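A.B. asks: Protein chains in written order, with our numbering: chain A, 96 to 497; chain B, 96 to 497.
Be aware that a few hints might be false.
A pair counts as met if it fits within one copy or between any two copies, since identical chains are not told apart.
Unchecked claim - Listed next, the in silico PhoX-like pairs over lysine-lysine satisfying Cα-Cα at most 20 Å (straight line):
| id | residue 1 | residue 2 |
| --- | --- | --- |
| 1 | 111 | 326 |
| 2 | 377 | 461 |
| 3 | 198 | 240 |
| 4 | 494 | 390 |
| 5 | 390 | 234 |
These are computed hints drawn from the structure, not numbers from a lab. It should be emphasised that the depicted structure is a prediction, and the values quoted were computed from it without experimental measurement.
There are 2 protein chains.
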Amino acid sequence: MTTNLIDKLIIGNSTKIVFLIMDGLGGLPIKADGPTELEAAQTPYLDELAAASVCGLLDPIGYGITPGSGPAHFALFGYDPIENNCGRGLLTAAGVNFPMTDKDLFIRANFATMDAGGLIIDRRAGRIDTETNRRICLKLRGNVKLSENIEVFFETEREHRALIALRGDGLNENIEETDPQATGKPLVQARALVPEAQKAARAIAELTEKVKAALADEPKANTILLRGYAKHRTYPSLTERFGLKAMGIANYPMYRGIAKLLGMTVAEETNSIEEEFAVLEKTYQNCDFFFVHIKPTDSRGEDGNFDAKVEAIEMIDRMIPIITDLNPDVLVVTGDHSTPAALAAHSWHPVPVLLSAKTCRPDRVKSFGERDCLFGGLGRMPTAALMGVALAHAGRLAKFGA
Amino acid sequence: MTTNLIDKLIIGNSTKIVFLIMDGLGGLPIKADGPTELEAAQTPYLDELAAASVCGLLDPIGYGITPGSGPAHFALFGYDPIENNCGRGLLTAAGVNFPMTDKDLFIRANFATMDAGGLIIDRRAGRIDTETNRRICLKLRGNVKLSENIEVFFETEREHRALIALRGDGLNENIEETDPQATGKPLVQARALVPEAQKAARAIAELTEKVKAALADEPKANTILLRGYAKHRTYPSLTERFGLKAMGIANYPMYRGIAKLLGMTVAEETNSIEEEFAVLEKTYQNCDFFFVHIKPTDSRGEDGNFDAKVEAIEMIDRMIPIITDLNPDVLVVTGDHSTPAALAAHSWHPVPVLLSAKTCRPDRVKSFGERDCLFGGLGRMPTAALMGVALAHAGRLAKFGA
């Protein structure tokens, strides 16, 4: 409801907003009375920012809900994360720049290794390299055709991951995923979860059999695991909704996909954080909203490596002056969700946030950390409300009512 | 909306959750600069828990709303307290284990004393004992029959309180309550508040006259006051919604009734807090969710007795090790609402809460009290969101979205 109100109050100006999103930023202590990863990290630049900022804690989806990266990012950009939720296949398709049509059903595929008895023995096919993936996709394009007038597309994402798109009439996405999620098990049968998905379920079964036949001579990648089914879907862009000329800077395809789905210009491909910051500097004059996605904070959290996550945070801290030297009107530093090393997984805990702007009302937070942010001027708020607050601080929202 | 989302994310495991509900826990100072009841109480065990927990303040219904015990408990168990609100009669019927049908209209009845002029002179009939209540209900069963094919049932609750159930077609609950809520006044006429309630209103009038006739020779209980009209209604259970095998432990029928309505196993009848804790220990291996209801904190608040409420809190504090020795995965200590002795009534003030779990993110709260909880990591949140947070900390919620 509030989201819609904001859309109606948009006024244009030339202010610039930067969202620095440290994926999985929020954490937990690993010992009683200990600090979280962010509290443990030496972050003089972030602390200096926090002291002059308004801080708080964000709930990505709702109390107690552990978010996937997709909905958590939708929330960051001011999109209701529940009603706009989509299958991962769509994010992957957008991320690899697949030319989508509204007849498409997108599937996230892992190449995997199956033994002679049909049991999965490696869910990532020994993490084949991206080149091998390209070779296999080429082979599949030449050898796999489906019946019932369904076209099939194979696109390399990276390592063992690929996008498969089925194009045809009436392909419903409500099908069981074939990934057994564990080794030592056979593929799960792709049964229809609703009657309208019978056709798509047949296509998935045919696809799986034909892929297995085509890859029978592969030493590692001799089968596929399918998940994240998603019909094509479009979203109103950040330009349409908020009048923003937005730039998405991310190393990972999925986040590039989210940026693309929301109408951001997606930056050239980058492979390091240094490259991402270089793109920010290079494109800074051309756009007015910048989404900079930082992955290692989440990856090290997922690894369960507290110290490595601390180091990732400290590494980003040292690069903060690159952003502050650009002097954006609004700088937001936060995460999409928490990924505490203590849990080695995404979690439901709220995410620390700081918003720096000339127009912010400073609070008493002097250090950027979970416990300090509890006393911040933003309080605890839904992530989806953040975009409105950022737009307000950028002078981009008109008064409501007389 | 979030409530429904949580229902969809449930995963089963063997973790255990204990909700220790100190009824009316929240309080107020009785002198300027003084402590609340909870702040005044010496609570070493609760303070130790608070220091290792995440704390906060709960709003049972909404800002400024003083809750009845019914909706406040619905909220605690994750049920929207407004849309699930029901008349007290239904809670009483469930509490006395009345075999309900969907043709039933339930009424909470007080036996009362009326003078020769028809004015109520004691709204509780001198607090007759439960035995006298039973004798009177037996007498009424033999002497009161209603017309229009309506069956009537009289069931003893305790002391001066009884359940009356009317069973028949088309009995609408929107009728004026007959309890004048003050002495020196006559019964209020049970008029229909909507046209569809004419039949029920006639039945209530007939019931009242026939009860008065049957009880004309009683020295104290010579009339009845009727309130809490409620049609039969069912709720999805905690098992259906959250996959919990739940146990309700309460000395008072109403809270046993709420537990029963929400599909909890209701523990054997208990008559002291010691007995309640003994039941918790005895049933701990058989269930995974435990609602332990503590009444005296509310009763002493309602009495306006600050010191007695402090003592009730201290008495519970000394019993906390009985729970912590069981080592539940999640322990929540809170109240259903505030009952400040200073007001001698329920109030709208938010209720302190602590949630102890290995997966909680600790905050800086070192002592369990209203002012300390203001700085807690849960912030101020709706009571109805608590169940989702508890389930998350128990590892019982799957990730939302990819």
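A.B. asks: Of all the hints numbered above, which does this structure not satisfy? Sort the numbers upward.
C.D. replies: 1, 2 and 5
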